[in-house]
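A.B. asks: Chain order of the listed sequences is A and B.
Per our numbering, the first sequence starts with residue 107, numbered consecutively.
Per our numbering, the second sequence starts with residue 107, numbered consecutively.
Examples of chain A residues lying across from chain B (beta carbon under 7 Å, computed):
#  : residue
1  : Lys166
2  : Lys169
3  : Asp171
4  : Pro201
5  : Thr205
6  : Val206
7  : Ile210
8  : Trp214
9  : Val217
10 : Pro236
11 : Asp237
12 : Ala241
13 : Tyr242
List time: in silico DMTMM-like cross-link candidates among lysine to aspartate or glutamate, alpha-carbon distance up to 25 Å:
#  : chain 1 : residue 1 : chain 2 : residue 2
14 : B       : Lys255    : A       : Glu189
15 : A       : Lys166    : B       : Asp141
16 : A       : Lys255    : B       : Asp308
17 : B       : Lys255    : A       : Asp186
18 : B       : Lys255    : A       : Asp271
19 : B       : Lys110    : B       : Asp141
20 : A       : Lys169    : B       : Glu154
21 : A       : Lys255    : B       : Asp244
22 : A       : Lys110    : B       : Asp171
23 : B       : Lys110    : A       : Asp171
24 : A       : Lys166    : A       : Asp298
25 : B       : Lys255    : A       : Asp141
26 : B       : Lys262    : A       : Asp244
27 : B       : Lys169    : A       : Glu154
28 : A       : Lys262    : B       : Asp244
29 : A       : Lys255    : B       : Asp171
30 : A       : Lys255    : B       : Asp186
31 : B       : Lys166    : A       : Asp171
32 : B       : Lys169    : A       : Asp171
Simulated from the structure, these hints should not be mistaken for laboratory data.
All C-beta atoms, glycine included, are put in the ideal place defined by N, C-alpha and C.
Number of protein chains: 2
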Amino acid sequence: MSRKAVVLLSGGLDSATALAMARDEGFECYTLSFDYGQRHRAELLASERVSAAHGAAAHKVVKLDLRTIGGSALTDDAIDVPEEETQGIPVTYVPARNTVFLSIALGWAEVLGAQDIFVGVNAVDYSGYPDCRPAYIDAFERMANLATKAGVEGNKLSIRAPLMDMTKAEIVERGTELGVDYALTVSCYQADEAGAACGRCDSCRLRAEGFAQAGLADPTVYA
Amino acid sequence: MSRKAVVLLSGGLDSATALAMARDEGFECYTLSFDYGQRHRAELLASERVSAAHGAAAHKVVKLDLRTIGGSALTDDAIDVPEEETQGIPVTYVPARNTVFLSIALGWAEVLGAQDIFVGVNAVDYSGYPDCRPAYIDAFERMANLATKAGVEGNKLSIRAPLMDMTKAEIVERGTELGVDYALTVSCYQADEAGAACGRCDSCRLRAEGFAQAGLADPTVYA
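The task is simple: from the sequences and hints, build the whole structure.
C.D. replies: See below:
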């Protein structure tokens with residue numbers, strides 16, 4: 107019987123690659139996305155497509171209204187998504203988002219009896235978002251093992267961040283080897299309803315550079 | 107200017123006491139409750155009453171559908187709330203609930219610039235729920251400081267669990283000293299629409315014992 111894993115899926119390039127890597131390791135994958143008040147629903151449709159394309163055992167979308175607390179360009183319409191490079195922690199940072207998403211993944215992992223949770227955080231994001239750093243993932247894993255039945259019963263939970271030390275180009279190369287169809291994914295912070303990307307936000311820039319550096323064709327549809 | 111604190115409010119006895127203690131320390135309190143698919147809405151109404159009675163600066167209710175992942179008598183109608191004492195981790199345990207709630211509190215604390223988060227977990231719950239133990243709270247705090255802007259910028263976040271080492275009787279005594287009106291609170295896992303308690307579930311039993319041991323009148327309305 108294959109082991110179960112919960113895989114956080116945002117609809118973007120990174121988490122699609124993390125899912126492909128989890129499948130490649132032989133996990134039965136349970137994909138999880140969030141309808142959290144984000145600017146566009148294109149990423150939820152993308153998550154569904156990616157989950158199905160990689161043969162996940164189940165896909166769940168948890169509703170959670172992060173607009174109630176606001177504080178980010180992604181959850182507050184009064185804050186614009188920047189279209190030029192910014193210094194420090196960007197306004198697209200959603201306070202505690204990875205912690206909230208990993209926590210709910212942890213709950214589902216307990217219900218399923220899964221001991222592995224995959225998340226597509228990586229070193230490129232590290233410079234800007236505090237909750238994409240290795241020390242953070244380690245601290246979350248330690249907390250998770252104290253938080254849950256599994257931890258109490260000695261079944262260690264692992265937070266798996268296989269992209270952590272990879273560049274965008276390496277991620278795209280690895281995913282392409284594993285058969286990820288990046289045309290299914292949407293990375294843009296302000297994609298239109300059909301999922302077409304703006305080509306100007308941070309996330310679009312990093313994605314385009316990844317394909318360019320890897321020397322691979324970029325299947326992104328731009329608006 | 108008084109310091110801000112986010113206070114998790116369940117509508118029950120413990121979190122009402124934690125709020126009174128935060129106010130007593132001089133914090134400007136921002137109370138947070140969750141509409142997470144629980145069995146009854148009486149606790150949401152209780153939270154609102156308790157928040158108002160203690161002069162909170164704001165009260166938010168975040169919607170989050172934990173029924174999507176299920177796994178607990180409190181979020182799955184197919185699992186009954188036990189009416190006798192059980193061994194081990196009870197079925198009323200909601201997988202990763204405290205972690206999810208604290209994570210969202212962390213997000214709001216970041217938005218507000220609050221460095222303190224109060225949570226009413228205590229030693230009486232400790233025996234059953236893994237996420238009520240001191241080691242868990244410490245691990246969450248460590249993770250929280252790596253997860254957030256505040257942590258990166260050196261403004262330490264504290265997870266405050268002032269009831270941790272108190273018995274139910276001590277909690278009720280302390281709250282009474284601080285003017286908590288426990289008639290406003292609802293602890294029962296299966297209260298009716300009006301907030302009347304069943305008197306039989308674990309939570310009702312612990313609450314009644316607390317008042318009895320403290321030698322205080324129990325204002326709970328039973329169905």
